[in-house]
Structures are given as structure tokens and as C-alpha cells.
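Working from the sequences, and respecting the hints, build out all of it.
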Amino acid sequence: MLKRKRNRRVSRDEAFAAYPVRNASLPYERLDTGEVSITVNRRRDGWARLLALVFVVPRARQIVLDQVGSDIWELCDGAHTVRDIVNHVIAKYKLNRKEAEVSLATYLKNLGKRGLVGFAVPAKEGKLTHATSEH
Amino acid sequence: MRTLTRTAKAKAGPALDGLIGWQGVTARIPAEWNLGALGGDVRSGYLRVDDEHQPRLEVKWSNAGVNLDQALTRYLGQLTKKARRADKVEITRDTRLVSNRQQPGKRLECFSWQSHSQQAHGLIWRCEHCRRTLIVQVLGSRAEELAPLARGVLGSLEDHERDGCYTWALYGFCVDVPKEFELMRQKLMAGYLDLQFEQGRRRLRVTRWGMAQMALGARSVPHWVEIEYLRRRDVHWRAFPLQQEGHPAAGLGGERRRPFHWLRKQAEYLLRFRSAIIFSGKVWYCEPSNRLYAVEEVHARDRACWPRVADSIRCH
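Protein sequences appear in the order of chains E and V. Using this note's numbering, you'd call the opening residue of the first sequence number 1 and step up by one each time. Using this note's numbering, you'd call the opening residue of the second sequence number 136 and step up by one each time.
Treat each hint with caution, since some may be false.
As the list claims (entries may be wrong) - Partial chain V-side listing against chain E, Cβ under 10 angstroms, derived:
#1 167
#2 169
#3 171
#4 187
#5 306
#6 307
#7 324
#8 326
#9 346
#10 348
#11 349
#12 423
#13 425
Said to hold, decoys possible - Here are the computed distance ranges between Cβ atoms for each label pair:
#14 V:393 to E:53: 55 to 65 angstroms
#15 V:178 to E:61: 46 to 56 angstroms
#16 E:109 to V:321: 20 to 30 angstroms
#17 E:123 to V:277: 25 to 35 angstroms
#18 V:282 to E:62: 56 to 66 angstroms
#19 V:348 to E:74: 11 to 21 angstroms
#20 E:90 to V:367: 27 to 37 angstroms
#21 E:122 to V:222: 28 to 38 angstroms
#22 V:172 to E:91: 25 to 35 angstroms
#23 E:74 to V:401: 53 to 63 angstroms
Said to hold, decoys possible - Using 25 angstroms as the maximum straight-line C-alpha spacing, the simulated BS3-like pairs for lysine-lysine come out as follows:
#24 V:241 to V:195
#25 E:98 to E:113
#26 V:241 to V:314
#27 E:98 to V:195
#28 V:195 to V:223
#29 V:322 to E:109
#30 V:195 to V:314
#31 E:98 to E:109
#32 V:322 to E:98
No lab work stands behind these hints, which were simulated from the structure alone. Think of the CB as a built atom: it goes at the ideal place given N, C-alpha and C, for glycine as much as any other residue.
What follows is the structure in C-alpha cells.
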């Protein structure tokens, strides 16, 4: 009962076959500069309200992604795998495969930690299951 | 005819389009292999190259005088000991994968091993020219046809300078640096490579930035240099526009920053004395590869080697 549920560990191949999906509850817009601005609303539970009374916490904050980050964000639509995004980054920014893989894995990991994206990992039967994976 | 072509292709093995070079050790490798780990210096060190799934090439070097036979026995003994719990390792020595004719001036012995899931072909040699001992192995899965690939990689292996220069090659970047320069610091990051060398008071630095179009934006190269180099505290520099083989470029000039720099400058001005240690180099933007390259050096007047180093870089 007290045992914590562990996230399923995924292999490297599974991680690259995963489908990053944007958090649907976060509204975002493309700015004139081509960058993506994501709005993250403050939590609305009791604790958050209480803390917001004590500390001045705005109702929402903006996260503005840079050009590459914005491109990747647009591709996190559940239709592209991590490997597809790596190939896109290699083709568009002319990076070496290793460079693209390392930087994209770090970036997606950061987005995942902040709850901005989730990862759908194909299960053995072929169904998509959601997992918080570490690449 | 077709059979002959096929046989010739199978003998030649897969294409070795890539190059790895570190501390004087160079080898031709498939383009999809990349540097995985490294350590040590020119005297003794380690290098590992990986493909997408697993380590593919391991190189260890040392300039300590060792008995090749004993060193190989020790290495293979360690390998067997490590693998004992998991599975049995079958070792074959003196495989003659690479001949002495292919690698002249070297005393070498080839070996191979295979376990339940993996296999490797390797060699150990002592080079009479650079007095280094190398132990190298090309790894692969058990099911793979590894011998032609290993023959190609091990046959292309070199461990000393060519025309007085060591070739430094990684992640598609390749530069020749005079042998007397020793690597002091390196930063190998995604989209940014920086190698810093020293030889006495001379300092040479080679840098490559990825995604250059984004970094530059609408700025010219000299303008970008002015912003990027603002953080530099080790030199007093100035940038000026330049053209390099059709690439937009910026020249760098200046002086090494010294303690009491301003006072020294005043004294030099009064004595009509020109500083002997100067800073120069260039930065250029290669549009086809979408990268920025910089080669710079702190050197004695009339003793600059950076133009030769910059010329050795094939940017696209």
C-alpha cells in the first residue's frame, strides 16, 4: 500500500519511437516573431490560493520558446515520433545526428518535467499508452 | 560480372565516410558512428565511438613501453573475467585481420573474441615512429558480418602526425593542428565544439557553432563577433570585415591581456616598443553547412600558424 508506483522505464528505442504530445490544457500562440508563447495558469486548489494570498503569485505566467523550441513544440502533436522530430531538426538546422539527438532529448526531458508535454509510448499490442519517460 | 562486383563490394565492406581523430589517433569509420567517450591525453588515453545502439570502436593508447604479448594476455584475461558470470567468451589470437604490409613500421598482433551476444575484432600494436602502444577493437553484434568492417576500420587506423600535424576529427568537424600544440581544454556540446591548445606561451583555439543562421539573425559576421566576444577577458581584440573563399567572415586582431595592461601599453608607447605577443584569427560563416567557425591564436609576431589551421578546415 505504501509502495510508490514506479514509472515504467523505457528503452532508448522505445523513447525514440514515443509520440510527444503537448499538454492540451495549456493555451499557446505564435507571436509575430515566430516564437511560441505558452500560458501556464496558476493552480486553483486550496493550497495554491492560500499561498497566492501570502505571496504575490500572478494568475498566469508566459513561457516564450525560442525559434528551434517553437518548431519542436509545433511538432509535439501526437502524430510525430521523437525520431521524426530528430530527423526534422537534422534536415532544417543541418546538425549532426548525435548533436540533434542529445539536444532534443534534453529539451523534451525539460518540457516533460515541467508538465508541458507528455509521451505516448506504443505498448506491445500496438496501442498507445502514456508514460512519463526519461530519455 | 555481377557476381564479381558483388564479391568485390562484400570484400571492401561498408562505406567508411566518416573520420574520427583525437590525440593523433585517426581512423575511417561509417558516417553514422560518433564519438561516445574520451579521456586522457596524448601520453595515455581512451576513445570510444558509438553507433545508434552500442559502442562500436574502442581505442586505448599509452606511450609506456610494454610487452605486447603480456599486455594482450592481460587484456583478454580481464575480458574473460568480466564476462564469466554472464556468458562464455571465445578468444582467437593471431587472426591476421590486418597485415604488417597494411600497417608498416608497427609490431602488431590481431585478435578476435565472441560472446553469446557480441563479437569484436581488434589489434594491439607498438608504433616504432611515435613509440605508442595501441589496443583497438571494433565491436558488433554476434549476428553481424563484422570482419570486413573491422578490416576497413583497423586498416585505416593511424597513430601519429601527418605533415607535422595531428588531425582532430569529431561530429563531422575536422581540423589539422601542429603536433607541438597540446590540447588543454575542450567543450563538446550539441551545436558547439571548442578545442583549446597550448604550446608554451602560444595559445590556439578552434571553435565551431551550429545553427549559425539562427545565431546570426540579421547581423553581419563582424557584428556577431562583437557581441559574442564581449565576454572575452583574456585578450584585447577588434573585429573587421573579411572574405574567406566566398564566405562572409571577420578578421580578429589585438593583443593578449596582461597584468597592468594599460600601464605597460603607455610604457611601450613612450619607448616606441611594439608588443611581441599578439592575438589574431578569423571567424567565418559557412552557409551550406549552417555553421560558424573560428580559429584564433595568441602568438609571437610573425609566428602565426592559425592561417594554416584555418585552411585545413573543410567547412562544407
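Evaluation of the provided hints:
Checking residue 167 (chain V) against chain E by beta carbon gives a least distance of about 7 angstroms; that is within 10 angstroms, so the hint holds. Because the beta carbon of residue 169 (chain V) sits about 4 angstroms from the nearest beta carbon in chain E, less than 10 angstroms, this interface hint is met. Look at residue 171 (chain V): its Cβ gets to within about 9 angstroms of chain E, closer than 10 angstroms, so that hint holds up. A distance limit of 10 angstroms between C-beta atoms decides the matter here; for residue 187 (chain V) the minimum to chain E is near 8 angstroms, and the interface restraint holds.
Hint status for residue 306 (chain V): holds, given a least beta-carbon distance of 5 angstroms to chain E, under 10 angstroms. The criterion of a C-beta within 10 angstroms of any C-beta in chain E is met by residue 307 (chain V), whose closest approach is roughly 5 angstroms, and the hint holds. At a threshold of 10 angstroms, the smallest CB-CB gap from residue 324 (chain V) to chain E is about 8 angstroms, leaving the interface hint in force. Annotation: residue 326 (chain V) was flagged as interfacial toward chain E, and the flag holds, the nearest CB pair being 6 angstroms apart, inside 10 angstroms.
Below 10 angstroms, beta-carbon pairs count as interface contacts, and residue 346 (chain V) has one with chain E at about 5 angstroms; its hint therefore holds. A least Cβ separation of about 8 angstroms between residue 348 (chain V) and chain E falls short of the 10 angstroms threshold, and the interface hint therefore holds. A least Cβ separation of about 6 angstroms between residue 349 (chain V) and chain E falls short of the 10 angstroms threshold, and the interface hint therefore holds. Residue-level restraint check for residue 423 (chain V) holds (minimum Cβ-Cβ distance to chain E is 8 angstroms; threshold 10 angstroms).
With its C-beta approaching chain E no nearer than about 4 angstroms, residue 425 (chain V) sits inside the 10 angstroms limit, and its interface hint holds. Separated by about 58 angstroms at the C-beta atoms, residue 393 (chain V) and residue 53 (chain E) satisfy the suggested range of 55 to 65 angstroms. Distance hint check for residue 178 (chain V) and residue 61 (chain E): the Cβ-Cβ separation is about 53 angstroms, which falls inside the suggested range of 46 to 56 angstroms. Distance hint check: the CB atoms of residue 109 (chain E) and residue 321 (chain V) are about 24 angstroms apart, consistent with the given range 20 to 30 angstroms.
Our hint of 25 to 35 angstroms for residue 123 (chain E) and residue 277 (chain V) holds, since their Cβ atoms are close to 29 angstroms apart. Between residue 282 (chain V) and residue 62 (chain E), the C-beta spacing of about 58 angstroms keeps the proposed range 56 to 66 angstroms intact. The supplied range of 11 to 21 angstroms is met by residue 348 (chain V) and residue 74 (chain E), whose beta-carbon atoms lie about 18 angstroms from each other. At roughly 31 angstroms, the beta-carbon separation of residue 90 (chain E) and residue 367 (chain V) lies within the given 27 to 37 angstroms, and the hint holds.
At roughly 30 angstroms, the beta-carbon separation of residue 122 (chain E) and residue 222 (chain V) lies within the given 28 to 38 angstroms, and the hint holds. Separated by about 28 angstroms at the C-beta atoms, residue 172 (chain V) and residue 91 (chain E) satisfy the suggested range of 25 to 35 angstroms. Distance hint check for residue 74 (chain E) and residue 401 (chain V): the Cβ-Cβ separation is about 57 angstroms, which falls inside the suggested range of 53 to 63 angstroms. Proximity of residue 241 (chain V) to residue 195 (chain V) is assessed by CA-CA distance (about 16 angstroms); at most 25 angstroms being required, the pair is judged to hold.
As the CA atoms of residue 98 (chain E) and residue 113 (chain E) are separated by approximately 22 angstroms, the hinted pair is consistent with the 25 angstroms bound. Between the alpha carbons of residue 241 (chain V) and residue 314 (chain V) the distance comes to roughly 20 angstroms, so the proposed pair stays at or under 25 angstroms and holds. Taking the CA atoms of residue 98 (chain E) and residue 195 (chain V), the gap is near 23 angstroms; set against the 25 angstroms cutoff, the hint holds. For the hint linking residue 195 (chain V) to residue 223 (chain V), the alpha-carbon distance of about 24 angstroms falls within 25 angstroms, and the restraint holds.
In summary, the hint linking residue 322 (chain V) to residue 109 (chain E) is supported, as the alpha carbons are separated by about 22 angstroms, within the 25 angstroms threshold. Using a Cα cut-off of 25 angstroms, the hinted pair residue 195 (chain V) and residue 314 (chain V) holds, with the two alpha carbons roughly 19 angstroms apart. Proposed proximity of residue 98 (chain E) and residue 109 (chain E) is supported: the alpha carbons are some 16 angstroms apart, at most 25 angstroms. Taken as a hint, the residue 322 (chain V) and residue 98 (chain E) pair is honoured in the structure, with Cα atoms around 15 angstroms apart against an allowance of 25 angstroms.
Of the hints listed earlier, there is not a single one the structure fails to meet.
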